[in-house]
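Let's have the full structure, built from the sequences with the hints guiding it.
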Amino acid sequence: MAHLSKKQRQERLMEEFLRRIREASPGERVYAAVGDLFEAAEVHDLNEVRTARHAAVDPGGGDEGKDGC
Numbered sequence: 001m002a003h004l005s006k007k008q009r010q011e012r013l014m015e016e017f018l019r020r021i022r023e024a025s026p027g028e029r030v031y032a033a034v035g036d037l038f039e040a041a042e043v044h045d046l047n048e049v050r051t052a053r054h055a056a057v058d059p060g061g062g063d064e065g066k067d068g069c
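This note's numbering puts the sequence shown at residues 1 to 69.
Hints are not guaranteed to be accurate.
As the list claims (entries may be wrong) - Pair ranges (Cβ atoms, derived):
1) His3 x Asp58: 23 to 33 Å
2) His3 x Val57: 38 to 48 Å
3) Ala2 x Ser25: 32 to 42 Å
4) Lys7 x Asp58: 34 to 44 Å
5) Ala55 x Ala2: 34 to 44 Å
6) Leu4 x Thr51: 24 to 34 Å
7) Lys7 x Val30: 14 to 24 Å
8) Pro26 x Ala2: 29 to 39 Å
9) Asp58 x Ser5: 35 to 45 Å
Source of the hints: derived by calculation from the structure; they are not laboratory data. Beta carbons are placed, not taken as given, at the ideal position from N, Cα and C, and that holds for glycine.
Below is the structure:
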């Protein structure tokens, strides 16, 4: 495997972590060991991710008024 820069390792770690979050059941905790790859952690709002995912699946908003997410 080729030597990766710190930025490349950060990107790969983030891609893997976000994939694991997407695959997790609602309410399931997802952990990732980051070591020294990140000096300042970025915070991702999972509600925003789920809302965006729901909007992509149902762009017409046919479930308005229902609390299905």
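38 to 48 Å was suggested as the range; check whether the CB atoms of histidine 3 and valine 57 agree with it.
holds (40 Å)
Cβ-Cβ distance between aspartate 58 and serine 5: within 35 to 45 Å?
holds (40 Å)
Is 29 to 39 Å right for how far apart the beta carbons of proline 26 and alanine 2 are?
With Cβ atoms ~38 Å apart, the hint holds.
Could you see if the CB distance from histidine 3 to aspartate 58 stays within 23 to 33 Å?
Since histidine 3 and aspartate 58 have Cβ atoms about 44 Å apart, the given range 23 to 33 Å is violated.
State, for the Cβ atoms of alanine 55 and alanine 2, whether the hinted interval 34 to 44 Å holds or is violated.
holds (38 Å)
Consistency of beta-carbon spacing, serine 25 to alanine 2, with hint 32 to 42 Å:
Between alanine 2 and serine 25, where Cβ atoms are some 35 Å apart, the hint holds.
Is the hinted range of 34 to 44 Å satisfied by the C-beta distance from lysine 7 to aspartate 58?
The hint (34 to 44 Å, Cβ to Cβ) holds, given that lysine 7 and aspartate 58 are roughly 36 Å apart.
Verdict for lysine 7, valine 30 (Cβ pair) under range 14 to 24 Å
Given about 23 Å between the Cβ atoms, the range holds.
Determine whether the Cβ-Cβ distance between leucine 4 and threonine 51 falls within the hinted range of 24 to 34 Å.
holds (33 Å)
Figure legend: structure checked against the earlier numbered hints; the only hint not met is number 1.
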